[in-house]
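K.L.:
Below are the chains, spelled out letter by letter.
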Amino acid sequence: MNAPSAAVQISRPEIEDFLFHEAALIDEWRLDEWLDLLTEDATYEVPPNDTPMGDSKNTLFIIADDIVRIRERVKRLNSPNCHAEHPHSRTRRMISNVRILERDGDLITVTANFVCYRYRRHERIREYVGSYRHILKCGVSGIKIKSRRTILDAYELGSLGAVSFIL
Amino acid sequence: MAARFSPKLSTLLRRALLRDGFIIDDHEGKKFLLNREALVSPSVQQEELRKVFAKCWIYVGHASEIKEPGDFVTRRVAVRPIIFCRDMDGEVHCFFNTCRHRGAIVCTEHKGNKRSFRCVYHGWSYLNDGTLAGVPGSDAYADTFDKNTLGLRSPARFESYRDFYFLCLDANAPSLEEYLGRAKDYMDIVLDQSPSGNMEIISGVQEYDIAANWKLMVENSVDDYHIPTTHSTWLAYLANSGVNIAVPKGEGLVLPTKGLAIELGNGHFTTDNVNFRGRPVAKWIPIYGEDAKPEMEEIRNELVERLGPERAARVADTNRNLVIFPNLVINDGSSVTVRTFFPENAAKMNVRAWALGPVEESKTARSRRLDAFLTFYGPGGVATPDDVEALELVQQGLANWQDDPWSEMSRGMGKEDEQLNSDEHHLRIFWRRWNELMEAL
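Protein sequences, first through last, are from chains A and B. Residue 112 in our numbering is what sits at position 112 of the first sequence, and the numbering runs on without skipping anything. Residue 150 in our numbering is what sits at position 150 of the second sequence, and the numbering runs on without skipping anything.
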């Protein structure tokens with residue numbers, strides 16, 4: 001065995017601080033800064049509501065981005081021609097029940113519950129409820145997101161509509 | 001809000017007030033106008049449930065969703081809760097999901113495998129061939145009570161074409177194959193992607209609502225006029241990924257022009273395009289990665305060997321968005337989507353979309369197909385959310401319908417030559433058929 005790695009030593013409050021920071025960057029539309037939290041091989045997934053534990057290689061997801069498409073997604077969201085998000089949705093996410101599920105070398109798997117409230121223009125509120133499942137990479141340069149899966153509890157998207165923002 | 005008349009009276013009134021019901025179709029003046037009441041009126045929406053959804057063949061589901069005996073899915077089709085299932089003998093059925101006793105839903109799950117469906121209210125149970133099998137305390141009924149007449153009810157008609165199952169609520173309708181007519185030729189091109197001719201619905205359904213009239217989705221599914229404006233960020237994404245987004249010119253094209261709109265009869269129509277932005281079936285673009293090239297070449301070789309070079313090019317190098325009137329869209333573009341949608345009310349639709357792929361597809365090809373799907377389609381795709389936005393903006397703007405009652409849809413009418421997919425020829429096909437059905441008493 002090697003010496004205890006960063007992932008072994010990291011505590012839940014440190015993970016919570018990181019997730020709260022990530023949520024703030026997304027809610028405040030500081031998406032270029034959010035990209036800095038991702039590893040060079042990061043993925044971002046929203047599985048379909050009927051197959052929340054599915055694999056995007058054999059199941060049609062709502063979002064299944066590799067790092068290239070995540071960066072393209074952010075470029076798009078920053079563009080005034082991204083009609084679905086201009087003006088930007090106002091979102092506010094609450095994160096709780098943060099748990100560390102697994103530590104493996106410098107990787108740490110965490111899960112958290114979330115509620116993301118979203119307002120689009122003058123519309124009524126939309127509530128996205130679910131859990132995050134992040135695999136975080138812990139190194140000397142701090143914590144980075146290697147994979148990020150947003151799992152919705154709703155049986156279908158239904159009136160939640162399009163997931164045109166970072167959920 | 002307009003005064004409420006009986007549906008028949010309102011049809012007669014419309015006839016008296018407007019020349020052609022909801023449309024002004026002026027061939028000489030080369031003008032086509034649509035009355036926006038068609039998109040906003042609750043009474044029109046109720047009327048179309050009766051005159052369109054209860055008269056036409058409506059898509060229910062695909063055989064691959066219920067592969068094994070006992071498999072079932074439940075969903076709403078033509079605003080009716082139904083069970084789509086395969087009985088223990090392998091026969092496919094469609095039942096109204098309602099107990100013959102007092103009406104409760106008998107199958108509450110979304111999908112699964114069951115021999116029977118049992119109503120939770122009083123316990124009546126039905127086999128998955130519809131037979132009423134059990135009635136608790138049946139001794140309390142008189143001799144005239146006949147269980148044989150109390151099986152789950154089915155729509156008047158239920159037929160399939162190459163694993164696509166449709167229902168029809170009109171017993172006197174023509175057969176499904178007759179109804180589909182020339183649309184079958186285009187379904188065949190899509191299904192020719194599979195070496196065995198068998199395509200399957202891939203796991204994972206996208207179900208989302210759009211706050212817009214369902215007919216706007218028909219228009220949007222085939223309207224290439226909106227691509228450069230609505231989807232400029234999608235085009236930028238393709239360009240950033242190394243895809244040449246310029247429309248190619250000149251030789252070697254399978255079709256004579258950049259893209260056509262073609263009438264297929266019975267209100268069906270399709271776009272028919274030379275593909276130049278990639279297809280997982282053997283039309284490589286940089287997004288797929290260098291690794292994909294050898295396998296995509298194999299796929300193309302198989303197509304050529306099986307279908308000949310001409311038909312293979314038709315399958316691989318052209319794409320199409322096919323509308324089966326009124327509400328089934330098969331988009332055979334950057335991937336294959338099967339998409340259907342129903343009105344929840346005049347200003348809201350429920351959309352349900354799946355990916356379709358060849359049953360014998362390799363894991364890598366399947367993965368590529370699904371990834372290609374998300375480059376454009378779906379509620380989290382790079383393009384669809386902007387369509388949703390556009391449709392919702394239309395619906396919001398239509399609140400002005402009484403003061404600005406006509407939509408201008410004449411694009412392409414002055415042309416002598418072919419109707420392009422960026423014209424509005426195909427949209428007019430839809431509206432003429434819809435109007436014709438709505439004008440029936």
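These are computed hints drawn from the structure, not numbers from a lab. Ideal Cβ positions, reconstructed from N, Cα and C, are used throughout, including at glycine. One or more hints might be untrue.
[Unchecked claim] Simulated crosslink set (DSSO-like; lysine-lysine; CA at most 30 Å straight-line): (1) Lys-111(B) - Lys-57(A); (2) Lys-111(B) - Lys-184(B); (3) Lys-111(B) - Lys-30(B); (4) Lys-51(B) - Lys-30(B); (5) Lys-363(B) - Lys-146(A); (6) Lys-111(B) - Lys-55(B); (7) Lys-31(B) - Lys-348(B); (8) Lys-57(A) - Lys-363(B); (9) Lys-348(B) - Lys-293(B); (10) Lys-348(B) - Lys-111(B); (11) Lys-57(A) - Lys-114(B); (12) Lys-57(A) - Lys-51(B); (13) Lys-75(A) - Lys-144(A); (14) Lys-30(B) - Lys-75(A); (15) Lys-363(B) - Lys-348(B); (16) Lys-67(B) - Lys-184(B); (17) Lys-75(A) - Lys-146(A); (18) Lys-51(B) - Lys-147(B); (19) Lys-114(B) - Lys-147(B); (20) Lys-55(B) - Lys-293(B); (21) Lys-111(B) - Lys-147(B); (22) Lys-111(B) - Lys-67(B); (23) Lys-67(B) - Lys-57(A); (24) Lys-293(B) - Lys-146(A).
[Stated by the list, open to error] Now the in silico label distances, taken between C-beta atoms and shown as ranges: (25) Leu-49(B) - His-86(A): 34 to 44 Å; (26) Gly-137(B) - Glu-16(A): 20 to 30 Å; (27) Glu-295(B) - Ser-159(A): 34 to 44 Å.
K.L.:
Indicate, hint by hint, whether the structure satisfies it.
P.N.:
Going down the list of hints, with the structure as the test:
1. Lys-111(B) - Lys-57(A): 22 Å, holds
2. Lys-111(B) - Lys-184(B): Roughly 29 Å separates the two Cα atoms, so the pair holds.
3. Lys-111(B) - Lys-30(B): 50 Å, violated
4. Lys-51(B) - Lys-30(B): 28 Å, holds
5. Lys-363(B) - Lys-146(A): Holds - the C-alpha atoms of Lys-146(A) and Lys-363(B) are around 24 Å apart, at most 30 Å.
6. Lys-111(B) - Lys-55(B): The given pair, whose Cα atoms are some 27 Å apart, holds under the 30 Å limit.
7. Lys-31(B) - Lys-348(B): 29 Å, holds
8. Lys-57(A) - Lys-363(B): 8 Å, holds
9. Lys-348(B) - Lys-293(B): 43 Å, violated
10. Lys-348(B) - Lys-111(B): 25 Å, holds
11. Lys-57(A) - Lys-114(B): With a Cα-Cα distance of about 28 Å, the restraint between Lys-57(A) and Lys-114(B) holds, given a limit of 30 Å.
12. Lys-57(A) - Lys-51(B): 42 Å, violated
13. Lys-75(A) - Lys-144(A): 20 Å, holds
14. Lys-30(B) - Lys-75(A): 42 Å, violated
15. Lys-363(B) - Lys-348(B): Violated: Lys-363(B) and Lys-348(B) sit about 37 Å apart, past 30 Å.
16. Lys-67(B) - Lys-184(B): This hinted pair holds, its Cα atoms lying about 23 Å apart.
17. Lys-75(A) - Lys-146(A): Measuring from Cα to Cα gives roughly 20 Å; hence the hint holds.
18. Lys-51(B) - Lys-147(B): 33 Å, violated
19. Lys-114(B) - Lys-147(B): The given pair, whose Cα atoms are some 21 Å apart, holds under the 30 Å limit.
20. Lys-55(B) - Lys-293(B): 47 Å, violated
21. Lys-111(B) - Lys-147(B): 27 Å, holds
22. Lys-111(B) - Lys-67(B): 12 Å, holds
23. Lys-67(B) - Lys-57(A): With a Cα-Cα distance of about 21 Å, the restraint between Lys-67(B) and Lys-57(A) holds, given a limit of 30 Å.
24. Lys-293(B) - Lys-146(A): Distance ~28 Å between Lys-293(B) and Lys-146(A) Cα, so the pair holds.
25. Leu-49(B) - His-86(A): 34 to 44 Å: 36 Å, holds
26. Gly-137(B) - Glu-16(A): 20 to 30 Å: 58 Å, violated
27. Glu-295(B) - Ser-159(A): 34 to 44 Å: 40 Å, holds
This entry does not satisfy hints 3, 9, 12, 14, 15, 18, 20, 26, going by the numbered hints stated previously.
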